[in-house]
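Q: Letter by letter, the chains look like this.
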Amino acid sequence: MDPLAAIKVTFFQECEEQLAELESGLLAMEAGDTDSEIVNAVFRAVHSIKGGAGAFSLEALVRFSHVFETALDLVRGGAITPDQDVLKLLLRSADILADHVRAARDGGEVDEARSHAMAEELEALAGGGEGGGSAAEADDGFGDFDFKPLMVSFDEAPASEAPATEAPVAEVAPEPSGRSFIIRFYPQAALYQKANEPGLLIRELARLGEVAVEVDGSGLPNLAEMNPEDAYLGWRVTLTAPKADIAAVREVFEWVEGDCYLDIVEPAAQSAAAATAAPEIDATQPEVDVMALIRQAQEAVIPQAAAPAPASLEPAKAASPDASKAKEVALDAKAQAATREAGGSPQTIRVDLERVDRLIDLVGELVINQAMLAQRVAECGLQRASSVAMGLDDLEHLTREIQDSVMAIRAQPVKSVFQRMPRLVREIAAMTGKEVRLVMDGEGTEVDKTVIERLSDPLTHMIRNAIDHGLETPEERVAAGKPREGLVRLAALHRSGRIVIEIVDDGRGINRPKVRQIAIDKGLISAEANMSDDEIDNLIFMPGFSTATTISDISGRGVGMDVVRRSIQSLGGRITISSRPGQGSTFTLSLPLTLAVLDGMVVTVAGQTLVAPLTAIIESLQPKSGDVRQLGPNASVIAIRDTHVPLIDIGRALGYRQNSPSPTESVALLVEGEGGARAALLVDAIQGQRQVVIKSLEANYRPVPGIAAATILGDGRVALILDVDAVMVPKPLERAASGPSAQTELAAPAPSLLKAG
Amino acid sequence: MTDAKAQKSARTEAKNRNELISFLIGDQEFCVDVMAVREIRGWTAATMLPQTPNFIKGVINLRGAVLPIVDLGARMGLETTDPSDRHVIIVTRIKEQQVGLLVDAVCDIIMPGEATVQETPDVACETVKVFVKGLLTLDGRMISLISLDHVLPEALDDGETDDHANMAA
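Protein chains in written order, with numbering that gives the first Met the number 0: chain Y, 0 to 756; chain S, 0 to 168.
What the hints contain is simulated information worked out from the structure, not anything from laboratory work. One or more of the hints may lead you astray.
Partial chain Y-side listing against chain S, Cβ under 7 Å, derived [claimed, not checked]:
(1) LYS694
(2) VAL703
(3) ALA709
These numbers were taken from a predicted model, which means no experiment stands behind them. From the three backbone atoms N, C-alpha and C, an ideal C-beta is built for every residue, glycine too.
Extracted from the complex, chain S is given alone in its bound form:
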């Protein structure tokens, strides 16, 4: 795909896009489609799960449902978060499952058309390619648009090679 075409398709996409919700992890800003977000809540102590990757913080009780909490920073290869009361859980719906994303803070809502989306430029890090769908520029800030599809580890049978599978995806 040529650059011009990519720009064009990215822009068309932007027009049809829903509102986005942006949040901070460390000093980086990310955003997800607001339609995937069910609610936002403060951090509550999670129950540890045995034998899980380091980015799974455990499970909490969300009105009777068992909700796994993913440390999104750790999932994307950034630093592991040490959760405290000021951290925020964004409850999202990924396919048929509800998953809580642990982030530092929620920033704002980005209206459609407010910013243009550009394709993720080629950078060396594979993790970026898996999770970052595109880049938004808004008021001089750079916001990464996150794809939630690979947030949870894959099914158990390919659990062993999970991370590699994701990288290849």
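For reference, chain Y alone in the conformation it holds in the complex:
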């Protein structure tokens, strides 16, 4: 990839983050949080996108973000009150901005008419906020050089050409506790070409503290020689900001740094620093060399804020023992500098996902290797208390800890999926004419990145369904005595090592007689089937089932819930539904936190070692001779307490053997499939429970029916992980085993649902 393309990729990644920031900021504002920090963050997000877009000459994106930014700036300045209507407009604008970004990235098209209409609305909003005078300026999008609030006087400008004059600084000289900066800012033409405006930057500075601005017009040529697209003006800003640091000042110029001459000095830094340091020094014994040390330390640390701290520590170490206090002070100063540098926000680094995956693979190897080593040592017959065995125990703990930490790197908050939903809800609400309020909970809940990525589609389907099928129209709701606005709640939480996601609506609930009738009409169940409410609710997950009488744009293609169920199952998850007529439905997804490891029961079948996922196993039992009964020519069932469940020999189901051993000499695992159906799986022996690292069979081979994945055990051999749902549907597998080609499709688990009853 050429360097520019690489930078562009980074830009678009950052855009996604900025868009997320933008949306969450706007949503927070909609919820009534009008904290200036949030408003600023929203503005910054759009501004950053515009800046980057300018650098890559993405004109459509620059144009739209400029208009958007202008409106946001007025919101920020208080000229526009961000009431609900304004926020709705801003949120929709954020959607359009996202479309623009994606179009720029993927080379697609933006709905021009929509974008244009939105830009006009924003301009109208901005025009209203600025008053009649500047509405005309907003038209061309680039005329917003509004200097009035800053009181710049062009007349005085040429006089202050030399930046070295200290006089103005003295005038605005801060009170003892304040800090002041002198900023010399000379934009180059490139800055304007990227649609940046010095006016906005200076206004940004004004937010940090008091500013005194002088224009340097000395570079202005004669009118005849002037190139209208070149840059001739410079500014000298004296900023008095008690709280700001140099990093904050620099941040203002972050996007234009390469396109201007910029010089930021902090003449008062030393004196201010000395003043703040003074009280601490008083506490120590004011010995001369201690003072000198402190000064040395302060000098090393304070002026650049980014501290070459080790240098400050050296003299402290070299000093006599009573200088220890001085060392503390120096350390304090270093800590302060570090905090300032960090800016209080969590620090992150961007790492290529491949590297993380490689690390995870390696740690997986480490776990396997550690297990192998432990097994070898055990084979040597060493005592448990021997130093080797104890060292191995430590190694095991350490390995587990490393594994957990590495997994944590891949873990991400579900927020990245959740935050796409508000837009979806807005759009579907608009399409269906329903009024919907989306409430989200637990966005910070973390789960493996792969799980997150694959959650997006099912969640989208389910939210669509909740609004399209679940919620009633406002009129129906009012008639039913409910508020006009329907409620959809999306929540995530951790529960016993899994992540649980709930989609709750307060709509009409599942219409059971209708669902049942449709299932009968479509031949999915027989008319005589005696079904519980739960079973009827679960019918909506059947392939080809749809309750919508007309096929709408949004849902009702009859694939929705079936697809949802399958994609959740492919993640090792399960989906359940509970519904109360007239009060709404709740869909609950339960998913593993990671796709990389699995708790399993290691078993032996026909000389092969297999792993059964522990989540599916309810209990293991030793069948008694009277419990097993033949059912039909080939099948048998086992009595477990009051019910009979199918007894499936894993060896035969997988084609390892033709004849099952006597059940009484085997062990049965009572398992529950995703649909809630139960079966007893017959295995020869149980070896034990173990956490295993999941290895893909597809990576080098292809999916194998009845097998979910593979793993590597302590002896270094590959063991297969059982696909419980697939072996619970024995027919296709058996047919395949006796068939000529011995190959088959993966058994579809769906029908097992109905056999439950």
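Chain Y is already provided as a structure; the job is to place chain S on it using the hints.
A: Using the frame of chain Y, we list chain S on its own:
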């Protein structure tokens, strides 16, 4: 394509070719492009896979990756190999996947230009056409140049008709 042309194109191909690695299955000698070979290792017991064609010997652990083992002889319609310690696994890269090929023994490296490649003559057996790209003659030996593209069965959806699909390919 006329014979002369075929000869010519085969020869040009030979010039641009990498080194080849040759191996034995039964009494026949085969070779593959050395660039496709990642490593060569002895036979280790494989874990059986259920519901697989007879030429899949199972999977082994190759430093943490699950590596399928193809009995190349059985795959090409020769006799099924009963693997023992003296058998060899050639670990190859086929497209994006790593696959182990079970063969009897590795013979030698054939330098480019050392032998000329001739097009596979028309013989009745379809399997030959699928797997053998050309024939090399070297010191009186005949070595078949193998194409690895069809070693693994096709994707699951057309798994049922896999072999026929290969034949037609």
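Q: Against which earlier hints does the structure fall short, listed by number upward?
A: Of the numbered hints given earlier, the structure breaks none, since each of them holds.
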